[in-house]
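Sequences and hints are given; from them, build the entire structure.
Letter by letter, the chains look like this.
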Amino acid sequence: MDITYPKILFIDDEKGLRLGTEKLLKKKRFDVICAENGEQGIKLGIQFDFDVVLIDLNMPDKNGLAVLKELISKKPNTVYFIVTAYGSYESAIEATRLGAYNYFLKPFTPQELFHQIEKGLKQRKLLLESIELKKERELNLTTIAHEKSRLNTIIEAISSGVMLINKERKLVYYNKACLQKLNFDELIIEDEIIEKLPKNIAQIVNDILASENPRGKSYTTEVEILPNNELTIEATCSRVPHPDGTFAGVVVVLKNITGLKQLEALKSQFVSMVAHELKTPLAAVLGYLDILTNDTLVVPEEKQKQYLQRSHLRLRGSLDLVNDLLDISRIETNHIIKETEYVAIPEIVKSCIEILELEIKKKNINIIHNIQEDLPKIKIDKNDITKIFSNLLSNAVKYNFENGSININYNLNKNFIVVSISDTGIGLKEEEKQHLFQQFYRAKNKHTKLVSGTGLGLSIVKRLVDANQGKINVESVYCEGSTFTMHFPFK
Amino acid sequence: MALIAVIDDDPDILEASTLILEANGYKVVTASNPTTGFDIVTKDKPDLIILDVMMDEADDGFFLAQRFRKEGIKTPILMYTSISKAIGLHFGANDLVPVDDFVEKPISPEELIKKVQNLL
Chain A
1 MDITYPKILF
11 IDDEKGLRLG
21 TEKLLKKKRF
31 DVICAENGEQ
41 GIKLGIQFDF
51 DVVLIDLNMP
61 DKNGLAVLKE
71 LISKKPNTVY
81 FIVTAYGSYE
91 SAIEATRLGA
101 YNYFLKPFTP
111 QELFHQIEKG
121 LKQRKLLLES
131 IELKKERELN
141 LTTIAHEKSR
151 LNTIIEAISS
161 GVMLINKERK
171 LVYYNKACLQ
181 KLNFDELIIE
191 DEIIEKLPKN
201 IAQIVNDILA
211 SENPRGKSYT
221 TEVEILPNNE
231 LTIEATCSRV
241 PHPDGTFAGV
251 VVVLKNITGL
261 KQLEALKSQF
271 VSMVAHELKT
281 PLAAVLGYLD
291 ILTNDTLVVP
301 EEKQKQYLQR
311 SHLRLRGSLD
321 LVNDLLDISR
331 IETNHIIKET
341 EYVAIPEIVK
351 SCIEILELEI
361 KKKNINIIHN
371 IQEDLPKIKI
381 DKNDITKIFS
391 NLLSNAVKYN
401 FENGSININY
411 NLNKNFIVVS
421 ISDTGIGLKE
431 EEKQHLFQQF
441 YRAKNKHTKL
451 VSGTGLGLSI
461 VKRLVDANQG
471 KINVESVYCE
481 GSTFTMHFPF
491 K
Chain B
1001 MALIAVIDDD
1011 PDILEASTLI
1021 LEANGYKVVT
1031 ASNPTTGFDI
1041 VTKDKPDLII
1051 LDVMMDEADD
1061 GFFLAQRFRK
1071 EGIKTPILMY
1081 TSISKAIGLH
1091 FGANDLVPVD
1101 DFVEKPISPE
1111 ELIKKVQNLL
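If you read the protein sequences in the order shown, they are chains A and B.
Note that my numbering has the first sequence beginning at 1, numbered continuously upward.
Note that my numbering has the second sequence beginning at 1001, numbered continuously upward.
Fair warning: there could be bad hints in the mix.
As the list claims (entries may be wrong) - Straight-line C-alpha distance at most 25 angstroms; calculated SDA-like pairs for lysine to any residue:
{"#": "1", "chain 1": "A", "residue 1": "K433", "chain 2": "A", "residue 2": "V274"}
{"#": "2", "chain 1": "B", "residue 1": "K1070", "chain 2": "B", "residue 2": "L1119"}
{"#": "3", "chain 1": "B", "residue 1": "K1115", "chain 2": "A", "residue 2": "H276"}
{"#": "4", "chain 1": "A", "residue 1": "K433", "chain 2": "B", "residue 2": "T1036"}
{"#": "5", "chain 1": "A", "residue 1": "K433", "chain 2": "B", "residue 2": "T1035"}
{"#": "6", "chain 1": "A", "residue 1": "K377", "chain 2": "A", "residue 2": "I348"}
{"#": "7", "chain 1": "B", "residue 1": "K1115", "chain 2": "A", "residue 2": "D290"}
{"#": "8", "chain 1": "A", "residue 1": "K303", "chain 2": "B", "residue 2": "D1009"}
Rather than coming from a laboratory, the hints here were simulated on the basis of the structure.
The following block contains the structure:
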């Protein structure tokens, strides 16, 4: 390990003193270099990094103070002594003013020299330590600056708007997301922003600014920025304290909750539709029951029977609706987990037809099922495909005329099996066709009036076909019939 | 004998209303959609119109009531409502809702007759 000894430069034109001092210091294990005049002293002083420099005040080529001045400008962290035989009060003051650490007289005793040098070395140590500290501090500042820029990057990256308002009510920070959240063209730092904010937010920010309570409580409000569910935000305002706990300002976080609001609207629309659809048959049945149990009303016997039959039918309809709703909820919660197996579609269709046999006979409907023997099986959820065909076939019967017919055909088209179900029923008007797969949509015309339905069957079909990577479309002529065509992929 | 027009798209509500009203001595004409509803009112000139608020669309009944008033038909209107309250549609009779009274479904015979008598 290298041991480094204190480095000392001694500048003096007096050869005897120079040599004596050098010897003395070397003995004490100092690393000494001597210079015989001012110029040489400056050169050496700049060239090396000395701990202590001793400068003679009076040298023929250069005044010691001039040497001091020059060296100190280049090496400010070295400790300088002025040594002189003709000390004066003024030169001592001048030397310290220029930055010399101390001033002592020649001739000096070895003890005095060592004592001065020890003091100088201590000072040197302090100087070096303070430099280290300064460096460290600068490093810290750089870290903080990095930290700050990293924080900036993070805040810029988050999709919520973040803005900071100080207690002088001025905008001091914001990220770009604020502009979009507030639908503003610009935000200006140092601007008095509060009154430009939506009323609810301004109110909360003002309340927080006015409040004496140092506790950081957050307040949240919803603001419709653009009407018709186009842009709704949630603003959360919180106090921002200084590290010492005093009040610094308010941070406002703006979150886009438009999607949530749209979902909410859809949900409540759905709930009120379900409520309406459930209440309608119940109201009809209760109406009949009120009549049948009313002592003051005389109801002919055949009417009594008719009311009971109608009640039965309407309640059956409600039950169907509840079952359809359960199907929808099943599709929505389970659509990821499918238990697929290889299924022959014609077999499914056959079983659906069997279930509908009674109604088919009642209406005397002719079923033409054109089974193709070589049709490949498809990998699909059997429950789904059964539901699809039972809904479609039951519609084809329900909305058919008496003595009508239903044609079921199969085709192969590239990677798809194409199945079509054509009926000779009431068909659809052009405007009805567009809404057909919507929940609770039922075409209302003179033909559908007495057919009970939930308005969910086809929306369930559509969801199930979609969930199984198929597609479905409908062609229809009002009063002539409809054809539903489905494509199911196979490999 | 007073003539009452009942306009509702639910055949069972029409049937039940007709039975109750006829049993109480009223004559009844019915329609199951706004268009025929308007026709029977202009043709038969009933003494009272009973109108369902929600037919094809959520407020078809309101529009039909407004249309009657716009065309100068001042016949009293009794409106059947269903879930309007539940979904937050609170309303009272005013210029926008030019009806004279409401009956909440399901319809109780007593309430219906009482309200009908009030308006005739």
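Verification of the supplied hints:
| no. | hint | result |
| --- | --- | --- |
| 1 | A:K433 to A:V274 | 22 angstroms, holds |
| 2 | B:K1070 to B:L1119 | 20 angstroms, holds |
| 3 | B:K1115 to A:H276 | 24 angstroms, holds |
| 4 | A:K433 to B:T1036 | 24 angstroms, holds |
| 5 | A:K433 to B:T1035 | 22 angstroms, holds |
| 6 | A:K377 to A:I348 | 11 angstroms, holds |
| 7 | B:K1115 to A:D290 | 17 angstroms, holds |
| 8 | A:K303 to B:D1009 | 20 angstroms, holds |
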